[in-house]
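> If you follow the hints, you should be able to join the two separate chains into one complex; please do so.
Residue numbers (my numbering), protein chains in the order written: chain Z, 1 to 254; chain R, 1 to 235.
Derived from the structure by calculation, the hints contain no laboratory data. Watch out, some of these pointers could steer you wrong.
What the hints assert, rightly or not - Just the calculated beta-carbon pair ranges, DEER-fashion: (1) D199(Z) <-> G54(R): 39 to 49 Å; (2) T68(R) <-> G30(Z): 55 to 65 Å; (3) G123(Z) <-> A50(R): 34 to 44 Å.
As the list claims (entries may be wrong) - Calculated Cβ distances over 10 Å to all of chain Z for the following chain R residues: (4) V8; (5) A45; (6) I51; (7) K63; (8) L80; (9) L223.
Backbone N, C-alpha and C define an ideal beta-carbon position, used for all residues, glycine too.
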Amino acid sequence: MREIIAARDLHFGYGRREVLRGVDLAVRRGEILAVVGPNGAGKTTLFRLLTFYLRPQRGTVEYFLDGHRTPVREARRRIAAVLQEPALFSTDVFTNVAYGLFLRASCGERTRARLARVLQRLGLPLALSPIEERVEAALRAVGLSGFAGRRAYALSRGEAQRVALARALVLEPDVLFLDEPTASLDPESTSVIEGVIRDLRGAGRTVVLSTHDPAQARRLADRIVRLAEGRIVEVVGLTTNGESAPPQSAALWG
Amino acid sequence: MGEIWGSVQAAFSLLFHPDRYLLSTILVSFKVSGVALLLCFPVSAVLAAAIALGRFPGRGVLKLLIRTAMGLPSVVVGLLVLLLLSEAGPFKGLLWTPRAMVISQLVLITPLVLGVMISALEGVSRRVAEAAHVLGANRVQIAWTVVREARVGFLTAGVAGFGRAIAEVGSVLIVGGNIAWADGTSYTRTLTTAIVVESRKGNFEMALAFGIVLLVLVLCVNLILGFLERPGEAR
Chain Z
1 MREIIAARDL
11 HFGYGRREVL
21 RGVDLAVRRG
31 EILAVVGPNG
41 AGKTTLFRLL
51 TFYLRPQRGT
61 VEYFLDGHRT
71 PVREARRRIA
81 AVLQEPALFS
91 TDVFTNVAYG
101 LFLRASCGER
111 TRARLARVLQ
121 RLGLPLALSP
131 IEERVEAALR
141 AVGLSGFAGR
151 RAYALSRGEA
161 QRVALARALV
171 LEPDVLFLDE
181 PTASLDPEST
191 SVIEGVIRDL
201 RGAGRTVVLS
211 THDPAQARRL
221 ADRIVRLAEG
231 RIVEVVGLTT
241 NGESAPPQSA
251 ALWG
Chain R
1 MGEIWGSVQA
11 AFSLLFHPDR
21 YLLSTILVSF
31 KVSGVALLLC
41 FPVSAVLAAA
51 IALGRFPGRG
61 VLKLLIRTAM
71 GLPSVVVGLL
81 VLLLLSEAGP
91 FKGLLWTPRA
101 MVISQLVLIT
111 PLVLGVMISA
121 LEGVSRRVAE
131 AAHVLGANRV
141 QIAWTVVREA
151 RVGFLTAGVA
161 GFGRAIAEVG
171 SVLIVGGNIA
181 WADGTSYTRT
191 LTTAIVVESR
201 KGNFEMALAF
211 GIVLLVLVLC
221 VNLILGFLER
231 PGEAR
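Only chain R is shown next, with the shape it has when bound in the complex (with noise of 0.2 Å):
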């Protein structure tokens, strides 16, 4: 009990005197989730206003395809797209580095994103798009006034998106082949991937610094979370 205080003491004296090795990983952690959500929440959006707003054949099995890429293991994720940019694969020459790891969580997070968007849109009523087509909106407007009163949904698929993609192991690791250089500086080394390597190595201190720091980010995404769903705003 005396050596996990010992460790969570030194965690918090880590975190307030971050060295170079705590701070590029955050970095990394950051810049890879967010260039991945960047990536997917535009598309997304698209994608979400044609799959619940249009009318076409085979729309109930793209929907449940969707659903059930939701929840895909982050592992197989990894190993697909590391069959994908392996050299025998198409795309080779990417692996370990971190555009590796913003495509497999653009893979891992894409769906998840989607389909938080498509059950926001579709928890519009039906009477607002009535409501804008009779005051002579036309279907472009139509399809934005809907998307609007999505937004708090959208905010959240975002969230969403960046949380799944920031506390993610599997795929980062097996793509990105968690790197450090030897001074210390991160290259492909994640938030989550620096946890595996040091408690690993025994080195407690610096995982649970970095634990600490993952907690703390989700507590803000909660957070944002919570402040965007107000009751009675737009879902």
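Next up, chain Z with everything else stripped away, as it sits in the complex (with noise of 0.2 Å):
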């Protein structure tokens, strides 16, 4: 099977405000896949329904990342998202982009890596442990390397949404989430998130980007679900077997 996200018909609403009205969405494996609406469309509710971070009041998302559909708790632990706001821990860089890889690390490995650090702050030339490796890969990706001693609260938004990124990234994650990665940031920050979500295509990762600018998802996906009012209008790009959208329009599109 390709498809690795299946999400069928799915409601959501916060009090009496419906936000998602049977939204219904399969993600193939090795695409970047963009959702594409106005403020309020649903894209945020979307992907909190994606990760599992919000339960649906009505409807099912099911992953098979293995070609068999996965348990929630090991989808949980293979997937990884970059939020709208950076919402980085207050604390300095290494430690927010180890997060994920110190909750699935074992007791020994977290101690080596922070013993290490402990060592190195001293002053002692001491080899990266396996995890501070990963973390500084991720920041290299970034464009943000001997960042990781910096505190948290001292980087640009740019920076800060970089890094946010590399917490995700550091995890290698199958299918990467981003809810506009690239919202309000500066010319740079936005070439190397670009950039980045161009690698992981060439990489055959799978991405879901959420983005208001439909000039960003033409550069970056190879299929556009556009968001309104809490439905999907429209699919654009590959065929959309499977979908229950209405066929592909361009005109929408300028």
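Structure (structure tokens):
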């Protein structure tokens, strides 16, 4: 099966305000899928349902990471997301990026990484621990090599968003969700983040990104899903087999 | 004016050459307030996390009660603890002991510590919990992450609780009995109750010395708070 995520008939509302009204979405392995739509269309809510942060009031979200249905707990360990706001933890950049690795690491690996950092701070030349190596590689990928020791609060908005991206990238997730990753960012950070998305496509990774910028969606995505008032109103790109969406209408994309 | 100046000078000379009375009173104050804080802090931390991060019916009412209890008059607490510990109450035998004072201070500072901790946790952005979730954290790991974000608020809660306990006079006077032995060693006499007693006896040098120690303590508490609340760090 090529489908890696199957969401069916998703409904969700906050109080009386219905945000999603029956969304069907299939994400295929190795594709870059862009979800576009105006503010309030339900993009963030859709992402929250797909990442299991919220439970749908109706409908289902299923993952097929290895061809068969993946249990939620395992799926959660194998996906990662970058939120619209960086939401960094108030500590240094290293601890932020290593967060997910620490959650998944054994006690020994954690201790080794912490000890190595303390010793390095004391000025002792020491080989990097495996966790540090992965953190450094992720920071390099977002153009922030050497930022590990910086405090999160001292970063610019663009740097913070790139650290948030590194925090997800470092986990090498099967599916990476990016919720408006470049909204109100400086041109440099935007181009770095778009470069990372292109690299992921080259590596055959699955990325689901939301954006309110149609041009960006066209630049990056293999397939574009347009969300309006809680429904998918259009799918543009490759074939739309299995999608309960109206046929392509490129005219809407001016 | 000259008399006051004389008292201040005498108080400082006492501070630089402290006798057994002064030292033991300071020690009792620290011991009672410190033990009360040690007992209160971990329990409050767990309760605050459950109240601030959990979703259960009656949560709003509970928070209102805690906020109300933050301003409990200490004499009322002293009176209630006195009744509980008296011969007619369920916990007799503890009255006029440092333990009784610890209990009354515990009742007094727990709502304050709890309230400050809850505010600190609620001040952490909900996006932080979401970020932890989407990186694979389970519920306990998310709660721990949010608590870590609120760490400065937790320290503030501890410092504020200790400050309230050590500066409090009403309840420790009622349940502790303000006892000092004939050789001058304090048993249940604290800095605050000693000030009451010494000023009543007209012993102003001693009362002032105790007052200065208390002021220096409050100053230290504020210095610690100011150091912890550096701009940009987590609340």
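> All hints, please: hold or fail.
Structure-based check of each hint:
Look at D199(Z) against G54(R): about 41 Å separates their beta carbons, and that is inside 39 to 49 Å. At about 58 Å, the beta-carbon gap between T68(R) and G30(Z) stays in the expected band of 55 to 65 Å. The given range of 34 to 44 Å is respected by G123(Z) and A50(R), whose C-beta atoms sit roughly 43 Å from each other. With a minimum CB-CB distance of about 44 Å to chain Z, V8(R) clears the 10 Å threshold, and the non-interface call stands.
The non-interface label for A45(R) is consistent with chain Z: the shortest C-beta to C-beta separation is roughly 18 Å, beyond 10 Å. No beta-carbon of chain Z is positioned within 10 Å of the beta-carbon of I51(R); the least distance is around 22 Å. The Cβ of K63(R) sits about 21 Å from the closest Cβ of chain Z, beyond the 10 Å cut-off, so the non-interface label holds. With a minimum CB-CB distance of about 40 Å to chain Z, L80(R) clears the 10 Å threshold, and the non-interface call stands.
Distance to chain Z confirms L223(R) as a non-interface residue, since its nearest Cβ pair spans about 22 Å, more than 10 Å.
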